[in-house]
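A.B. asks: The chain contents come next:
Number of protein chains: 2
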Amino acid sequence: MKLASLAGGRDGRLAVVSSDLQRAALASDVAPTLQAALDDWARTKPALEALARELEAGRAAGSPFDPTKALAPLPRAYHWVDGSAYVSHVELVRKARGATMPDSFWTDPLVYQGGSDDFLPPAADAPFRSEDWGIDFEGEVAVVTDDVPMGTDAVKAREHIMLVMLVNDWSLRNLIPAELAKGFGFYQSKPATAFSPVAVTPDVLGGAWKDARVHLPLVVHLNGKPFGHPDAGIDMTFDFGQLIAHATKTRRLGAGSIVGSGTVSNRDRARGSTCLAERRMLETLDQGKPMTPFLSFGDRVRIEMFDPAGRSLFGAIDQRVVKAA
Amino acid sequence: MKLASLAGGRDGRLAVVSSDLQRAALASDVAPTLQAALDDWARTKPALEALARELEAGRAAGSPFDPTKALAPLPRAYHWVDGSAYVSHVELVRKARGATMPDSFWTDPLVYQGGSDDFLPPAADAPFRSEDWGIDFEGEVAVVTDDVPMGTDAVKAREHIMLVMLVNDWSLRNLIPAELAKGFGFYQSKPATAFSPVAVTPDVLGGAWKDARVHLPLVVHLNGKPFGHPDAGIDMTFDFGQLIAHATKTRRLGAGSIVGSGTVSNRDRARGSTCLAERRMLETLDQGKPMTPFLSFGDRVRIEMFDPAGRSLFGAIDQRVVKAA
Numbered sequence: 001m002k003l004a005s006l007a008g009g010r011d012g013r014l015a016v017v018s019s020d021l022q023r024a025a026l027a028s029d030v031a032p033t034l035q036a037a038l039d040d041w042a043r044t045k046p047a048l049e050a051l052a053r054e055l056e057a058g059r060a061a062g063s064p065f066d067p068t069k070a071l072a073p074l075p076r077a078y079h080w081v082d083g084s085a086y087v088s089h090v091e092l093v094r095k096a097r098g099a100t101m102p103d104s105f106w107t108d109p110l111v112y113q114g115g116s117d118d119f120l121p122p123a124a125d126a127p128f129r130s131e132d133w134g135i136d137f138e139g140e141v142a143v144v145t146d147d148v149p150m151g152t153d154a155v156k157a158r159e160h161i162m163l164v165m166l167v168n169d170w171s172l173r174n175l176i177p178a179e180l181a182k183g184f185g186f187y188q189s190k191p192a193t194a195f196s197p198v199a200v201t202p203d204v205l206g207g208a209w210k211d212a213r214v215h216l217p218l219v220v221h222l223n224g225k226p227f228g229h230p231d232a233g234i235d236m237t238f239d240f241g242q243l244i245a246h247a248t249k250t251r252r253l254g255a256g257s258i259v260g261s262g263t264v265s266n267r268d269r270a271r272g273s274t275c276l277a278e279r280r281m282l283e284t285l286d287q288g289k290p291m292t293p294f295l296s297f298g299d300r301v302r303i304e305m306f307d308p309a310g311r312s313l314f315g316a317i318d319q320r321v322v323k324a325a
Numbered sequence: 001m002k003l004a005s006l007a008g009g010r011d012g013r014l015a016v017v018s019s020d021l022q023r024a025a026l027a028s029d030v031a032p033t034l035q036a037a038l039d040d041w042a043r044t045k046p047a048l049e050a051l052a053r054e055l056e057a058g059r060a061a062g063s064p065f066d067p068t069k070a071l072a073p074l075p076r077a078y079h080w081v082d083g084s085a086y087v088s089h090v091e092l093v094r095k096a097r098g099a100t101m102p103d104s105f106w107t108d109p110l111v112y113q114g115g116s117d118d119f120l121p122p123a124a125d126a127p128f129r130s131e132d133w134g135i136d137f138e139g140e141v142a143v144v145t146d147d148v149p150m151g152t153d154a155v156k157a158r159e160h161i162m163l164v165m166l167v168n169d170w171s172l173r174n175l176i177p178a179e180l181a182k183g184f185g186f187y188q189s190k191p192a193t194a195f196s197p198v199a200v201t202p203d204v205l206g207g208a209w210k211d212a213r214v215h216l217p218l219v220v221h222l223n224g225k226p227f228g229h230p231d232a233g234i235d236m237t238f239d240f241g242q243l244i245a246h247a248t249k250t251r252r253l254g255a256g257s258i259v260g261s262g263t264v265s266n267r268d269r270a271r272g273s274t275c276l277a278e279r280r281m282l283e284t285l286d287q288g289k290p291m292t293p294f295l296s297f298g299d300r301v302r303i304e305m306f307d308p309a310g311r312s313l314f315g316a317i318d319q320r321v322v323k324a325a
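Chain order of the listed sequences is A and B.
Counting from 1, one number per residue, gives the positions in the first sequence under the numbering used here.
Counting from 1, one number per residue, gives the positions in the second sequence under the numbering used here.
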């Protein structure tokens with residue numbers, strides 16, 4: 001099942017989307033918003049699935065689905081915790097900052113709490129006040145949970161994964177060193193995050209959903225040119241179950257919590273990268289200095305994932321970087 | 001105007017509460033929840049104020065208000081950013097961790113992004129899985145904003161403060177050093193936060209609301225004994241306008257965003273403290289080691305604020321520390 005939030009109100013209007021992303025049917029009779037559906041998932045999921053079957057069979061009243069008009073599946077959420085599950089990427093980024101990475105990073109997940117009141121629609125302009133801040137994208141996969149009890153272990157945690165979606169975790173690289181030096185983590189350096197047009201239930205991914213990882217390439221284009229296509233199932237040191245278990249060590253997670261993978265990254269350099277920082281680090285290692293600049297106003301970033309037959313699974317996050325009004 | 005969320009559903013049922021905290025009237029006709037009211041504040045605020053006047057005059061159908069049954073004013077929220085506005089406290093805590101504080105901390109606010117999907121009711125038990133984690137309370141003041149544009153300056157930001165409430169920002173001190181050493185800030189060391197029974201509009205505070213600060217003592221009791229009563233208006237290096245301005249440097253804030261002051265702390269030691277960590281630091285300075293232990297299961301923490309006539313303004317956060325089920 002694929003779900004989207006169509007424009008309308010702060011939380012959008014929940015719709016079921018056909019598997020080919022061509023048609024959508026409003027799910028207002030089941031729940032007005034995706035958050036409302038997740039708040040009562042045991043009841044709403046079967047009803048949404050029934051609607052999805054009707055839509056797929058051409059029996060439900062649908063209308064054309066325009067992914068470029070969709071909001072983020074959750075236009076705002078109550079919890080957004082982003083991991084750094086691709087530890088080899090963390091190691092590279094630390095190198096780029098002139099910092100070393102403790103060995104414990106291979107066994108203890110690194111996460112940060114993100115702002116969740118203002119998620120960017122997948123095709124909305126991404127506004128920034130200054131190009132000097134080192135505007136960068138980060139291609140990621142994220143899952144949405146139901147209510148997860150405190151102290152849930154990594155295997156049990158897998159049962160709490162309700163939806164999967166893609167993320168562009170916009171980052172302001174030049175603000176990061178000073179902010180992290182203050183000791184309390186990211187805040188200004190992690191502005192509003194963008195999500196894919198639809199969130200999907202894990203079964204949509206078929207065999208590509210395995211071991212609480214998505215075993216498909218995350219395809220990133222910068223200004224229309226291929227930038228990277230690392231496989232999200234490879235080199236993901238911590239699976240989503242482990243990330244959720246880490247998150248629930250001292251707290252519950254409420255329904256609709258979003259847990260991110262961190263920047264998808266493969267050791268295989270032929271796969272490219274899903275953020276500029278990683279490419280710049282590799283350039284520094286190879287050529288002594290970064291060659292690829294951070295983003296300028298007008299640049300476009302597209303993030304997408306395809307099934308083995310080449311069909312877009314989540315629709316594209318495709319945004320233009322603009323100067324904030 | 002005083003607002004509370006009565007039990008019922010994940011977001012409670014919005015009620016207007018009398019100024020003496022004795023009576024409440026459900027505001028369902030205006031908005032079902034406080035978040036819904038804040039989403040449409042220009043319309044709902046006058047309607048809620050009218051209801052509050054009716055309740056105050058004994059003309060609205062009210063019922064007795066039991067602060068121990070209230071939920072957090074926002075039982076869950078989309079954004080919870082907590083400052084460390086009492087910089088002299090930050091200096092002390094850093095000393096306790098054997099760290100020094102950069103001078104820039106006096107001019108550049110330190111904030112962290114908190115989890116906001118699961119706020120504890122003011123009189124609910126506070127559950128923790130282990131006493132070994134160094135369970136501590138932090139008495140704070142917080143404000144709730146409407147929609148705040150990106151790049152709002154500190155003076156303009158004051159106009160976006162809609163509500164004020166009290167906070168117990170539960171902290172797990174023994175988890176902090178290792179977590180901060182990882183570089184991404186707090187996550188496991190900041191479990192679910194508790195808020196006061198009511199949130200109030202700034203006008204309720206009268207002259208005590210000045211310069212975007214609350215000029216009243218924050219009164220903390222530990223197991224029924226006075227623990228501290230520092231004045232929240234004194235030694236608050238950054239006012240709430242400055243904290244909001246810091247928050248909006250790179251992002252908008254959505255309606256219902258909560259901005260915290262950080263642990264209230266006065267240089268005047270006679271005022272006591274609003275967290276154990278600060279008292280333990282002072283003991284270390286005076287006696288070479290901390291004498292006051294962190295909390296044990298069964299301990300109670302009460303946080304309250306009174307008007308000059310001794311009337312409780314927000315009701316009490318009064319929680320017992322318990323072992324998580």
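Heads up, a few of these hints could be off.
Identical copies go unnamed one by one, so any copy, or any two together, can satisfy a pair.
Stated by the list, open to error - Subject to a maximum C-alpha distance of 30 Å in a straight line, what follows is the list of computed DSBU-like cross-link-like pairs (lysine-lysine): (1) 156 with 95; (2) 210 with 289; (3) 289 with 156; (4) 45 with 249; (5) 249 with 182; (6) 45 with 225; (7) 95 with 45; (8) 323 with 210; (9) 45 with 323; (10) 182 with 45; (11) 156 with 225; (12) 156 with 69; (13) 95 with 69; (14) 45 with 289; (15) 69 with 182; (16) 69 with 289; (17) 225 with 182; (18) 182 with 210; (19) 69 with 249; (20) 95 with 182; (21) 156 with 182; (22) 289 with 323.
Keep in mind that the hints were calculated from the coordinates and are not lab data.
A.B. asks: Could you work out which of the previously given hints the structure breaks and list their numbers from low to high?
C.D. replies: Violated hints (numbers, rising): 1, 2, 3, 6, 7, 8, 9, 10, 11, 12, 13, 14, 15, 16 and 17; every other hint is consistent with the structure.
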